[in-house]
Every structure is written in structure tokens, then in C-alpha cells.
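Engineer: Chain residues, written in single-letter form:
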Amino acid sequence: MEMLIEIVYFIAAAVFIIGLKQMSSPVTARQGIVWAGIAMAIATFVTFGDPAVYAHGSINVILIIVAIVAGSIIAYITAKRVEMTDMPQMIAIYNGMGGGAAAAIAAVELVKVAAGGAAPNTTVLVLATLGAIIGAVSFSGSAIAFAKLQGLINKTMRLPMHMVINLAIFAGMLILGGMMAFSGEIDPTILLIFFALTIIFGIMFTLPIGGADMPVVISLFNALTGLAVAFEGFVLQNAAMIIAGTVVGSSGTLLTQLMAKAMNRPISNVLFSSFGSADGSAADEEVEGSMKEIQAPDAAIMMAYASKVIIIPGYGMAVAQAQHKLAELTKVLEARGVEVKYAIHPVAGRMPGHMNVLLAEAGIDYDKIYDLEDINPEFPSSEVALVIGANDVVNPVARTNPESPIYGMPILDADRAQNCIVIKRGRGAGFSGIENHLFYADNTQMLYGDGQKMVGELVAGVKDLG
Amino acid sequence: MIEGFTALYIFMLAAFTGYEVISRVPVILHTPLMSGSNFVHGIVVVGAMVALGHAETGVEMTIGFIAVFLAAGNAVGGYVATVRMLEMFQPKKGD
Numbered sequence: 094m095e096m097l098i099e100i101v102y103f104i105a106a107a108v109f110i111i112g113l114k115q116m117s118s119p120v121t122a123r124q125g126i127v128w129a130g131i132a133m134a135i136a137t138f139v140t141f142g143d144p145a146v147y148a149h150g151s152i153n154v155i156l157i158i159v160a161i162v163a164g165s166i167i168a169y170i171t172a173k174r175v176e177m178t179d180m181p182q183m184i185a186i187y188n189g190m191g192g193g194a195a196a197a198i199a200a201v202e203l204v205k206v207a208a209g210g211a212a213p214n215t216t217v218l219v220l221a222t223l224g225a226i227i228g229a230v231s232f233s234g235s236a237i238a239f240a241k242l243q244g245l246i247n248k249t250m251r252l253p254m255h256m257v258i259n260l261a262i263f264a265g266m267l268i269l270g271g272m273m274a275f276s277g278e279i280d281p282t283i284l285l286i287f288f289a290l291t292i293i294f295g296i297m298f299t300l301p302i303g304g305a306d307m308p309v310v311i312s313l314f315n316a317l318t319g320l321a322v323a324f325e326g327f328v329l330q331n332a333a334m335i336i337a338g339t340v341v342g343s344s345g346t347l348l349t350q351l352m353a354k355a356m357n358r359p360i361s362n363v364l365f366s367s368f369g370s371a372d373g374s375a376a377d378e379e380v381e382g383s384m385k386e387i388q389a390p391d392a393a394i395m396m397a398y399a400s401k402v403i404i405i406p407g408y409g410m411a412v413a414q415a416q417h418k419l420a421e422l423t424k425v426l427e428a429r430g431v432e433v434k435y436a437i438h439p440v441a442g443r444m445p446g447h448m449n450v451l452l453a454e455a456g457i458d459y460d461k462i463y464d465l466e467d468i469n470p471e472f473p474s475s476e477v478a479l480v481i482g483a484n485d486v487v488n489p490v491a492r493t494n495p496e497s498p499i500y501g502m503p504i505l506d507a508d509r510a511q512n513c514i515v516i517k518r519g520r521g522a523g524f525s526g527i528e529n530h531l532f533y534a535d536n537t538q539m540l541y542g543d544g545q546k547m548v549g550e551l552v553a554g555v556k557d558l559g
Numbered sequence: 007m008i009e010g011f012t013a014l015y016i017f018m019l020a021a022f023t024g025y026e027v028i029s030r031v032p033v034i035l036h037t038p039l040m041s042g043s044n045f046v047h048g049i050v051v052v053g054a055m056v057a058l059g060h061a062e063t064g065v066e067m068t069i070g071f072i073a074v075f076l077a078a079g080n081a082v083g084g085y086v087a088t089v090r091m092l093e094m095f096q097p098k099k100g101d
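Protein sequences, first through last, are from chains A and B.
So for the first sequence, my numbering puts the first residue at 94; every next one is plus one.
So for the second sequence, my numbering puts the first residue at 7; every next one is plus one.
Source of the hints: derived by calculation from the structure; they are not laboratory data.
Each statement offered as a hint is correct.
Covered by chain A, per the in silico footprint, the following chain B stretches (three or more residues, Cβ under 8 Å):
(1) 15-28
(2) 40-52
(3) 57-69
(4) 77-91
Glycine included, each C-beta is placed from N, C-alpha and C at the ideal position.
Construct the complete structure from the given sequences, taking the supplied hints into account.
Structural biologist: See below:
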């Protein structure tokens, strides 16, 4: 039986890697996740043949089944019901659960030692402790990330001397963890304080980070959970956990780097400075020109008689749930022979690829959707650029003003289109609190109102032209 | 037994594998991919089962129960979320 378990784990580890590989193409992606799912289901099933599961008694086995059923049902229902717009925070939650599980595994092992059980060797204790720290930080940090994206916490909170306090907590948990791991003697009270510190650190670490940076943070926590799982895999001598955890740890780290790079910000900046908190430091400069308003029927006429229209959706589009109306607009414009393309900034939405998922949901073909490098040369030859719910990613100061906090960030060159129409709820500044010079440009006209309603009016306007 | 340098070698090779596997993924799949790798570390459920299985005291059993519960949520939630996202990239039927 143990041989069978080893074989299944071995195959599962291989299938996980193949599955992730298949996710690198839209054609094979779904097949990849389905295979990985089957592999995990079988791995979970054969684990019931592991003698360690029956080491204490049948009550534990019943508890295992109850816990699996309860956790699965709750996760299944929430994952089925959640709106696509809210998917990023759900990923954060499921990821936090994995981190919490890894930390809890470590806790069981450490509590055993605290209760007078035989201490495993120092290497195992060190890995268990490290996994506990990483997993618990990922757990509480992900919970805060969820709360921020869900709108439960709106402000970026920052205590006086926040950095110093964080460092003190960090040092405290390392010292306590080191004491336990290297002495092999664990005092229950110290163990409790240790875990309290790790949870608090995750919260304190995530609170000051602005909402715009959350994708990077969620990706980082995803990588951390992988690492924690790998460490607990060493503790439990489970090769599948080691390999799957490490693969996620390294790929997650790469993904985090890619995201930070797309925002043109070093990761250290994202994590240790609170950009996105609307300090307003660079927002005070003078802007030349004024914002010009346009009505939906006029905007519809401009688009209907254009040869090429580029649509730039941002998070505001997702909030307004305007993607289905956009699909309709695309259809009526194309019926008139207008070429319609979508330009997606790498950090549009709340995660890289989030916009693509939303547009795909609305039935917009992914071959109409272009990355920043591919679409930027096309703006000068397009009559209309339609910006909907995007702000900082089309702000030309990123090219022109070295003083600006977003200077150097690659942007979509909407200002270089012959005409630019911006659909926007109100006149305020964007997520970063920086004035957007695009809105004041001569060739820009503002269409104020709710995204979904305005696109609906555009559709009606185009249809009226017959 | 997996220990010492064997463990380090496994760790190193798996780390490079993860890096290589991801490096050629198009941006449009980044969110599903993050969700997918989020699902993959749901394998922590098999470790949580062992942890709860050999738990002895009430405290250990409680923590072990939490571990299995959270791990199952990670795996199932990660799977369903990923499949839902990827289904949108399927060619539309009847189009």
C-alpha cells in the first residue's frame, strides 16, 4: 500500500508540472487544470491508505472526512457563486487557506514536541518553524488583501513608526522560532506567542499597501504558500508536497517579478512604501487646458464613422460591469465595417490578465485583444481611442514628467490617437491620486456617467444611424 | 527517506522547473495561471490528513481539523475558480 501511495504521489507531482505547462496556451489550459484536478483527487484518496492516518484512531479518520467535506462544500459554493469581477480576492482567500493549512500542520508537530513528545532533529524543526512563519503570514496577509479588495477596508492604514514596529515583530518571531527550533524544547506559552506574532506580522505587513498594488502582494503570498507547503513536505517526508510546493514557490516568485516589472516598480517599493494611498504629493502641479464634455450620441457618431477604434478598459469597466455592453458595441461597430481592437495594459484591473478574463466572459474573442507593445504603434492610425474606467495607465505624465511617481511606467498611448473619448464617473483623480493630463488634452473629450449606461447609449447611438 | 542533500537537490530542480514552466506564459493567462498554481499547492491536503491522523490530544486534533478544512478549501476553491476562468477561453459553441 505504501508503495502504491508513493507511486501515486510521484505521478501526481509530474501531472501538476505538466498541467501548469499546459496552462501556457489558451488551447490546452483547461485540459491542464482538469488533469491536475484528477491527480489531486486520486492523491487525496490513496492517502486514506496511509497507516499514519490511522495512527491514533477512528475518531481522527472521521474528523478528516468531515473536514474535507465541509471545506470542499464551502469552497465549492463560494467559488461557483463569485462574480468574475471579484475573482482576485477569492484567489487571495483560497491561497490564504493553503497557507493556514501549512502553518497548522507545523503547529500540530510543534505542539507534539511541546507536550513532551520526542523532538525530531534540528533540520526538521527549523523547516517546520520556517513553514509555520511563512504559512501564517500568508494566511493573515491574504485575509487583509481580501478585505481590501472586497472594500471591507478602504484606507491604507499606517501606524506611527510602522516600519520599526514591523521590524520588531519580525525580529521577535524569528528569535522565538529560532529558540524553539534549535533547543528542541518548546514551551506552550512561547509557542502561542510565536504564532500570535506571525499572524500579527501578516496583518501589519499588508495593511499599509495600497489597493493598486494588491495583485503583486497576492502573487507574492501565493509563492510564499507554495514555499510553506514545500517545507512542511520535508517535515512529513512527503515528496508530492515538496515538489508541488517548490514549483509554485518559484513560479509564483517569477510571476510576482513580472507584475512588478509591468508596473515599473521594484518589488521593494511595492512592499515598503505606500504608493496608491493618495498622499497627493505630486498631484498639485498645474495642468494646462480644460476638460471638454461630449454627449453619447456625438461620441457614437465619431465611432460609427471611424475606420479603426481602440478600446481601453480599466478597473472602472469591471466595477460598472460594462463588458457585455462593450461586446454589443463591438458587434454593432463591426457590422458597419469599423475595425475594433482592445488594448490591455499589463496592470489593468486587479491582476494581470483580469481584464482578458472579463472580456472573454462577455464573448469578446481573444484575438481582438492586444498587449501594450503590440497596440501602441497603432494609436496614431486610429480615429478614436475609447478609454473606459482606466486612468493611470493612460496618463501621459508617465512619459513626460520625471517628477511624477508614475514616471517611467509604460502606458497605453491613448493621447496619440486622433480623438480620445474617456468614459468616467466623475471629475476626480485616479487610484494613485495623480492628475491625468490626458483628460485635458485638445483631442480628448469626456463622457461623464456610469460605464455600463454610457456604453449602452453608445450602442443605441450607433444603431440609430441605421 | 528524503533528507540532507537529496532534499536540497529536489528543492533546486523543482525550483528551476517552476521558473521554466511559467516563463513562456502569455499575459492573458496570468490570472488563471496564478489561480491554477494556487490550486496546485492545495496538495497540502494530503499532509494535513496525516497531521490530523496522528494527532493525539484535543488541541492537536482541533488544529489538525483546521488544517484539513483549510487545505480542502484551498484545493476545491482553487480548482473551481480556475476552471471557471479557463472555460471562458474555450471556443464558443455554435458561433
